[in-house]
Each structure stands twice: as structure tokens, then as C-alpha cells.
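Please model the complete structure; the sequences and the hints are all you need to start from.
Number of protein chains: 2
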Amino acid sequence: MLLTLPDIQKKYNLYAKEHPFNFEPKELYEPIEYILNVGGKRLRPALVLMAANLFENEIDSALPAAYAIEVFHNFTLVHDDIMDEAPLRRGQPTIHTKYDTNVAILSGDVMLIYAYKYLLEAPSATLAQVIKSFNQFAIAVCEGQQMDVNFESRNDVTIEEYIKMIELKTAALIAGALRIGAYMVTADEQDAFHLSEFGRNIGIAFQLQDDILDTFGDPEKFGKKVGGDIAQNKKTYLVLKSLQLADEATASELHQWLSTKPKDESAKIEAVKNIFTRLDIKKHASTIKNKYLDEAYYHLDAIKVSDERKQYLRLFGETLVYRNI
Amino acid sequence: MLLTLPDIQKKYNLYAKEHPFNFEPKELYEPIEYILNVGGKRLRPALVLMAANLFENEIDSALPAAYAIEVFHNFTLVHDDIMDEAPLRRGQPTIHTKYDTNVAILSGDVMLIYAYKYLLEAPSATLAQVIKSFNQFAIAVCEGQQMDVNFESRNDVTIEEYIKMIELKTAALIAGALRIGAYMVTADEQDAFHLSEFGRNIGIAFQLQDDILDTFGDPEKFGKKVGGDIAQNKKTYLVLKSLQLADEATASELHQWLSTKPKDESAKIEAVKNIFTRLDIKKHASTIKNKYLDEAYYHLDAIKVSDERKQYLRLFGETLVYRNI
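Residue numbers (the numbering used here), protein chains in the order written: chain A, 1 to 325; chain B, 1 to 325.
Honestly, the hints are just simulated from the structure, not real lab data.
Just so we're clear, the structure is a prediction, and the values are computed from it rather than from any experiment.
Just so you know, not all the hints are guaranteed correct.
In this list, chains with the same sequence are indistinguishable; a pair is considered to hold if it fits within one copy or across any two.
[Stated by the list, open to error] In silico DSS-like links for lysine-lysine, alpha-carbon gap of 27 Å or less: (1) Lys-261 x Lys-17; (2) Lys-132 x Lys-26; (3) Lys-164 x Lys-26; (4) Lys-283 x Lys-26.
In C-alpha cells:
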């Protein structure tokens, strides 16, 4: 049966509930239960299951991998929050705040190992491919995180490097979730490849859209504070493209703004936004975003199953990344 | 060919040298190269290879797993050193000291993933068993570490709990290294089991010996400072057995000493050592250590290969744990 996203999420939530981290010593496992249950949209495990459902009606065999992906994703959040000194995650205290940093390190470590434990339930025919794909994107996520950190102290980041960074940090996990979902129902290598490329391109497009919305989004609809990237001097696509297009004076003005952290951020946000507008950056960003979207749907089209089976994955992509922003 | 320990180490060192962590971004990988090359005895990868060599003359196929075990072991050291705020490891600055804590967290994470990457080179016939064993002992190491932390603030630790803790924290990795070595040359499950039990029992005996030597060792021969465990109020087997055997007054005296951290440690070390001596604790500790040693060699004997093939592994065990201490 082809399942809708709510059906898939219901199935996943039931599985997760039936596999709690209720082991000993509780000081190690309680924080894991806590972080897995403070909310979150659980999009990545849904992607695993939607990928499996492209090829098969019965997708229960893909549930352990879906759980593995969510546990892995939460492991990265736990360790990232230590590194970013973030006090809150989804409105609730982070593990290193609620417990302590040592607990956050060790509980995170064991989460990563448990992800592999759940992956081991893959069919033996594709087990090696599942673990290989997982390793690849897990390494990519770490490399992307390090590149992002490096960019903070660099003034010569290129657009190419930026795209590479978001590909590793964000898109690789989406691609990996889809690819592993395909392997869990032993889909063929070519379909798994196209599905993975669909995810990679959607992931890059999603991050580019996030860059646009962070500056140009509707404050009512955008979840985070509009202008946050500018306030934090983040070298997003908007900034890098501006530096590429700007004359010397404008580039210098932009560099100036993005090297300060004034108490009143609003003047800074307004000034930088004006530079973006003068250079028509939103249009440039949309154009490249749509290029990645086109590429994504090219790969979705290439998968050898009926359009009907692709409908929910297509809808999911369209809900995640809009063409007209 | 049956290889001696030096031959095995030479082979391992060559493989490690040919597989450097020279990837990008270098901020992520340079610390890994650093920690893998600041020394260390590399006993755990040697165990993988010795286990393989029990069954096969040609053991090159086990080299990736040997490397995986060493990379994993170093990952635990990197994260443990953050948690213990240790400035030095093997006489050199730890990663979080030389670089920073965020680097130590992220480089450690990626090391754990690379361990799995190297494990993937296992024969397909035993890949699932290799990963399953690895997961088991990796989880055990984390659980043992957490139990050890918990013990610091507890006054009711039992001997049974202590043995469980050292089994998880120390012995599981030795058992796992041997078991995985056997799987890398597709040894049968029963032999892999006996080898693993040999390792588990040797590991527990080794830790008990370490407890004895920390107090009663020859300062000339013992690598660490004699009396260190007492100074740090560690709840070793010696302490727990003393509390079990002591009358109320002696137990109270021992509790008293182990709740202080005086500037001059020598009087404290002397007093606690005297209590141990009065209670004949060294003999008790040796007796239980020898019980684990007997169990270890029972399992080594049970492996279905000739005594000649077992000679170096037996020698290794005997060098690691002496019967007469």
C-alpha cells in the first residue's frame, strides 16, 4: 500500500515508542530518551520509509533503518549543541544544559553506536551497501560541520565551497536517508542512485531557500527570527553572491557590516538587506535554487516506478522547497 | 606462517602508515593523525591479528579490522580525556589541549565512523557478526565508562558491580578485538566464542592486577605513580574487598581516609595500605585474579587449533597478567 506522510509518521512513531532507550546505567540512557522525545519533525526517518514505499507496499522491514537515521540525526544535534554552547533545542534545555557536558558527549557517542545496531537489521543482501552509505553521509556531516566552523574565520570563502559545505552538512543526510530506505527493500542500485541524487539536490535547494527566507521571509511564517543570519555574520549564499557581484565600495560596505556585532541589530539587518536588494540577490539565489530543484526532479523522474507511487515523495519535496521563493 | 608479536606489530604499523587520515578539511583530520602517532602500545590491533593468526597463516585480510579497533580505542581516549580534563596523554598534549574541545569532540566522532568504514572490509560471510560484535563491545565501553563515573559519587558499590564495570570498560574491548580477529578469517562461531571468553577473562584479570600493582607494585617497574588509586579515592577491588572484610572501626577508618584529599598524600597512602595489609587484601585480590586467569586459559585450551599455534597468544596473556602477583 502507498502510505501518506501522516500514515508513515504514525508507523514510525509507534516503532520508536516500542524501542525506548530504557537500559542501564540510566545516567547514560535517560538523556537519549529525553532528546528523542522533545519533539522535532522526524522528517529524516519519514524519508527512509517513503523511499522504501516507492518500491514496496510492505515497509516494516525499513523501520529499524528509519530509527537509526533519527538516532544518528539526534546524536549530531547533541554534540553540535555542546560545540555551539546552545542552551535550548526545540524550546527545551539541551542535554549538556539539563545534565552536563560529559553526559552529552558520552550519551551522544552511544547513540551513534546504536544507530549502527539498528542498521544491522538490514537485509543481508544489502547490509554492506547500507552501512557503506551510512558511513559516507555520517562522515560528510562531520566534514560539513568542520567546514562551517572554518568559514567563520575566513574571508575568502567561494560560492563553490559554500555549496560543498551545505551539500555535506545538510544534503548528504537527506540523500543517505533515501538511499538507505531503498536498500532496506533491496531496490536496485540505479534506482537507489537516482533517489539519492533527488535527495542531495533537494537538500541543497532547501538550504538555499532557508538562506533566502532568513532574510526575505515573512516574519509570520518563518520559524526563526528574520535577519538572524545577517546578525550572526553568517557567510550564506546571499553574502557570497553579493561579494561576487558588488563593486568595490559596496563589497567594502558589506564586509564592514559583517565584521560587527552591534547591540541594535535592526539597522545592520536593514543595511545588508538593502545591499542584497540593490544587487538583485534574491533572484540570483532563486535561480540557482531552481536549478537544483530541476536536477532533483530529473532524478525522481528517472526512477523506474510509476508516477503514482512517486506522488507523496514529490509532494514532500514540493512542501519542503517551493519553486516561487 | 605463525607470527611473533614483533612481526605482527611491524605488519600493523606498516598498514597504519599506508592509511593516514590525510583528508580534508585538515582541521578535522590532522588531530586524528596526531593522536594515532603519539605512541601507545597498540596492543589491541595486535590482538586482532594474533586471533586471526591462530587460524590462518595469511592474515592481511584482518588488517583493516585491526586498524578499526585501534582507531576506536583512540576515539575513546580522545573523548575520555575531554571528560577527565586530562592535559596529557602518553606524555603529549591531549587533542582538546593542543587544539580545542570542539575539535576533540568532532574529530573523535569521525574516528568512530571511520572504525566502521574499515570494518566493512570484513569478509561478506562474517560482516554482520563483525559489526554486531563491534557494536556490543563499543556500547559496553560507553556503559562501563558511565558506571565508573557513577561509582565516584556512590558509597555502596558492590564487588559484583565493580567486576561488571571493569568487564565493560576494559575487558569487553579485549574480548571484542579477539572475536573480530577470528571472524576476519571466518573462524567458526565456537572458536570465536572461546577466544572472546579468553579475552574477557584476561581483561578482568589484567585490571585486578593493575589494582594490586597500583598499591603494592615496585615503584621502579610500575609505569604510574604507586598509590595513585588511593590518592584519588578510587573504589578499586582492594577497597571494596576491605570494606567487606573489615570490622566497623576499620571500615570507618577506611571511609574516612577515602573521603579526603590531603596535600601530603604519603601519610594517607601509607595508612590505607596498612589497612589492606592487615586484612590480607593482596592475597584475596590475587586469588580472584587467578580465578579469572584459570577461566581464561580454560577457554584458550578449548579452541580447536594446535597448542603450537596458540603459543604466542598464550605468551601474550602471560606477559600481560602474571600469576604470581
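Checked hints:
1. Lys-261 x Lys-17: Neither: 44 Å inside a chain and 46 Å across chains, both beyond 27 Å.
2. Lys-132 x Lys-26: Only across copies: Lys-132 and Lys-26 sit 23 Å apart there, 31 Å inside one copy, limit 27 Å.
3. Lys-164 x Lys-26: Result: close only across copies, 15 Å inter versus 40 Å intra.
4. Lys-283 x Lys-26: neither (52 Å within a copy, 35 Å between copies)
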